[in-house]
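Colleague: Next come the chains, spelled out residue by residue.
2 protein chains.
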Amino acid sequence: MAKINKNYNNLPQTYLFSEIAKKTKAFQEKNPGVSLMRLGVGNTTEPIPSTIIKGFITGVEKLGNVDTYTGYGDEQGDTRLRVALSAWYQTQGITLDPTEIFISDGAKPDSANIQSIFGTDSIIAVQDPVYPVYQDSAIIAGHKIVYMPCTEENGFIPSPPNEKVDIVYLCSPNNPTGVVMTKKQLKAFVDYAIENKAVIIFDAAYAEYISDPTLPKSIYEIEGAKKCAIEINSFSKWAGFTGVRLGWTVVPMDLVIEGTEGGKINNLWSRRQSTMFNGASNISTEGALSVLSDSGQKESKKLIAYYMNNAKIIKENLSKLGFKVFGGEHAPYIWLKTPNNLGSWEFFDKLLKEAHVVVTPGSGFGAQGEGYVRLSAFGDKKDVKKGMKSIEENLKP
Amino acid sequence: MAKINKNYNNLPQTYLFSEIAKKTKAFQEKNPGVSLMRLGVGNTTEPIPSTIIKGFITGVEKLGNVDTYTGYGDEQGDTRLRVALSAWYQTQGITLDPTEIFISDGAKPDSANIQSIFGTDSIIAVQDPVYPVYQDSAIIAGHKIVYMPCTEENGFIPSPPNEKVDIVYLCSPNNPTGVVMTKKQLKAFVDYAIENKAVIIFDAAYAEYISDPTLPKSIYEIEGAKKCAIEINSFSKWAGFTGVRLGWTVVPMDLVIEGTEGGKINNLWSRRQSTMFNGASNISTEGALSVLSDSGQKESKKLIAYYMNNAKIIKENLSKLGFKVFGGEHAPYIWLKTPNNLGSWEFFDKLLKEAHVVVTPGSGFGAQGEGYVRLSAFGDKKDVKKGMKSIEENLKP
Numbered sequence: 157m158a159k160i161n162k163n164y165n166n167l168p169q170t171y172l173f174s175e176i177a178k179k180t181k182a183f184q185e186k187n188p189g190v191s192l193m194r195l196g197v198g199n200t201t202e203p204i205p206s207t208i209i210k211g212f213i214t215g216v217e218k219l220g221n222v223d224t225y226t227g228y229g230d231e232q233g234d235t236r237l238r239v240a241l242s243a244w245y246q247t248q249g250i251t252l253d254p255t256e257i258f259i260s261d262g263a264k265p266d267s268a269n270i271q272s273i274f275g276t277d278s279i280i281a282v283q284d285p286v287y288p289v290y291q292d293s294a295i296i297a298g299h300k301i302v303y304m305p306c307t308e309e310n311g312f313i314p315s316p317p318n319e320k321v322d323i324v325y326l327c328s329p330n331n332p333t334g335v336v337m338t339k340k341q342l343k344a345f346v347d348y349a350i351e352n353k354a355v356i357i358f359d360a361a362y363a364e365y366i367s368d369p370t371l372p373k374s375i376y377e378i379e380g381a382k383k384c385a386i387e388i389n390s391f392s393k394w395a396g397f398t399g400v401r402l403g404w405t406v407v408p409m410d411l412v413i414e415g416t417e418g419g420k421i422n423n424l425w426s427r428r429q430s431t432m433f434n435g436a437s438n439i440s441t442e443g444a445l446s447v448l449s450d451s452g453q454k455e456s457k458k459l460i461a462y463y464m465n466n467a468k469i470i471k472e473n474l475s476k477l478g479f480k481v482f483g484g485e486h487a488p489y490i491w492l493k494t495p496n497n498l499g500s501w502e503f504f505d506k507l508l509k510e511a512h513v514v515v516t517p518g519s520g521f522g523a524q525g526e527g528y529v530r531l532s533a534f535g536d537k538k539d540v541k542k543g544m545k546s547i548e549e550n551l552k553p
Numbered sequence: 157m158a159k160i161n162k163n164y165n166n167l168p169q170t171y172l173f174s175e176i177a178k179k180t181k182a183f184q185e186k187n188p189g190v191s192l193m194r195l196g197v198g199n200t201t202e203p204i205p206s207t208i209i210k211g212f213i214t215g216v217e218k219l220g221n222v223d224t225y226t227g228y229g230d231e232q233g234d235t236r237l238r239v240a241l242s243a244w245y246q247t248q249g250i251t252l253d254p255t256e257i258f259i260s261d262g263a264k265p266d267s268a269n270i271q272s273i274f275g276t277d278s279i280i281a282v283q284d285p286v287y288p289v290y291q292d293s294a295i296i297a298g299h300k301i302v303y304m305p306c307t308e309e310n311g312f313i314p315s316p317p318n319e320k321v322d323i324v325y326l327c328s329p330n331n332p333t334g335v336v337m338t339k340k341q342l343k344a345f346v347d348y349a350i351e352n353k354a355v356i357i358f359d360a361a362y363a364e365y366i367s368d369p370t371l372p373k374s375i376y377e378i379e380g381a382k383k384c385a386i387e388i389n390s391f392s393k394w395a396g397f398t399g400v401r402l403g404w405t406v407v408p409m410d411l412v413i414e415g416t417e418g419g420k421i422n423n424l425w426s427r428r429q430s431t432m433f434n435g436a437s438n439i440s441t442e443g444a445l446s447v448l449s450d451s452g453q454k455e456s457k458k459l460i461a462y463y464m465n466n467a468k469i470i471k472e473n474l475s476k477l478g479f480k481v482f483g484g485e486h487a488p489y490i491w492l493k494t495p496n497n498l499g500s501w502e503f504f505d506k507l508l509k510e511a512h513v514v515v516t517p518g519s520g521f522g523a524q525g526e527g528y529v530r531l532s533a534f535g536d537k538k539d540v541k542k543g544m545k546s547i548e549e550n551l552k553p
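The listed protein sequences correspond, in order, to chains B and W. Residue 289 in this note's numbering is what sits at position 133 of the first sequence, and the numbering runs on without skipping anything. Residue 518 in this note's numbering is what sits at position 362 of the second sequence, and the numbering runs on without skipping anything.
Hints should not be assumed to be uniformly reliable.
Chain copies aren't distinguished; within one or between two, either way the pair holds.
Stated by the list, open to error - Computed cross-link-like contacts, BS3-like style, restricted to lysine-lysine with a CA-CA straight-line distance of at most 27 Å:
| no. | residue 1 | residue 2 |
| --- | --- | --- |
| 1 | Lys159 | Lys353 |
| 2 | Lys506 | Lys340 |
| 3 | Lys420 | Lys300 |
| 4 | Lys320 | Lys159 |
| 5 | Lys181 | Lys420 |
| 6 | Lys383 | Lys493 |
| 7 | Lys454 | Lys218 |
| 8 | Lys178 | Lys541 |
| 9 | Lys541 | Lys181 |
| 10 | Lys545 | Lys509 |
| 11 | Lys300 | Lys159 |
| 12 | Lys509 | Lys159 |
| 13 | Lys162 | Lys300 |
| 14 | Lys552 | Lys340 |
| 15 | Lys159 | Lys383 |
Read the hints as simulated data drawn from the structure, not as lab findings.
Isolated chain B, as found in the complex (with noise of 0.2 Å):
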């Protein structure tokens, strides 16, 4: 007699962003008249650059073609894209060998799949607030799951647990609240790693929105994170993948957890993938090599300064009107606290109904957020221009 896997009944009612598209859907219905803007949802806009726009294409041609048709690649992922990044990330100092890279179809897979590796029993950390996929994959296996809360008061930055956990997910430069942890914030919890024999999944998607060169962009800048850590990062925020799908994820041959040689755990994730996944696409892997290229990588630069140029003006505008917001100069999220102690899903309300701009509540990303929006600066400049005017002209106080 089949039965259901009852951890579901633990997870929050609705996933979050299914809950704003019907909320913003019936708004739309009651006012068809109206155009909305949406400002919340971490959803890329601008067009992929034609250098990477030829590595698609080159991929595509590609399949056509019996001599350069591929199916299932290699085990890991395409090994030219994984020596390519082992390349990139030597750029920045870090010595990686492609053995250690696993190319995948996204970070968010990875982040609920590398779950599977470790022990059922597992404890595990999360920032509290943080996107959402930690903590539901989490509930799904069964997991305790102990918050680490990021507040006002500790500039949205946790220390690392009081008691013992087994598994610490850090996100940085923080979505929801685009704060980024320093060297020193993040070396303490590499010590904790290593002092109580945990494992750190550090997921690095927007690391290529950090401009200030001393504030990290892998957790590998951190002296003994090879030995306590994985890494997860993706082309999504950085080159435009976020429909295309293409991500990895780093677990380093020096990580050992207690009773495992180095490279067993490497092993196990192998296992994992090549039991249970099937690679990314070869089209999608070619775009990434380009991303990689010189010019792939210029024009990913610029992608990313057209959306730090919206962070800026939703951070500025915003606080103009006397809104206190945090994060957007290292991340293309902005974190504003609402006013007057409103609820995150009143002050959404709020927005919808009387400035026609749709925003993250942030309570959606855990306790800590309520009382808090997320805005995003992913979209058009010219509509982040329009919300920030309507927000102005008709936000009611």
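Following the hints, position chain W against chain B.
Modeller: Using the frame of chain B, we list chain W on its own:
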């Protein structure tokens, strides 16, 4: 203190295809002059037809233009594709609503991930031999497994288990045996599932290789199946998408298990996918739409005919040489009984060393696969013929 998931220790020591690659590589390094004929791996080799290539190009071009650029797509996958698949099922007399179809990056991940929505103590039945993903993912999740032997005696089609199980995986046309279940044989499983309140996971990835219209291509051709079966399918073997990555899973609204209402299982899968997956590539999706167009259908049927001609060549030649062979009529796989009771790996080694032909050892698909090897119709016709000639001329008795 992080620990590993000990269930990984219960997996077969090496993943079948990695082991073949290693053995082949070792032989090649010792015999650099020898050119090997690979007749084992289920990887497509023919180029993707022009209509579908044009579909990919459309997908790529859209990403290069701000007006047509898309990021994350619809939650269950591109609505146009779900509507097109629904229409395609309808041409076969099967009515499925687009909300019952979920687009994914392939049949393999879905086959594994679907277990997430069912009880962690589910007992899972799998064919023996069969494609490893069902068993291996069940081992990783710690499920009890019941094997359904597929032997020469039962024509490689098992009967439903004698004991009560919760989940039954069925793969028809079967990989690796190449045999197809009749409607009557499949009906026995549907009846079993309804009687025992079990759920069938039906992997139809090779359905398009069926040419006999009396054989079921979809489990939903069987009365009652919507109440108890999930169907998984893919464009991989149908249109050369092994490297492109595009599949889908059908979870009917009528599918209920004890204690749930209609739509609940569909909803759970929706939750699993929206939480832990981020959609198939939008480029792959455009190609998939082209597969379902009139010309795409015609061209992909030609592709399949090409491979099935290879299957015919293999089957006829091996039969002529006195081998006992099965399958290969409605599937791209030929299941060969090894001569002189040789073990699967023994015969693999013999074929590699004497005939320079690489096949897939049947024992890699399960205990009942011992004493068999799988030959695959994927490959160039010339190579297939060369392989057959080499076996005829070089294989020592």
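Colleague: Need the list of violated hint numbers for this structure, in ascending order.
Modeller: 2, 6, 12 and 14
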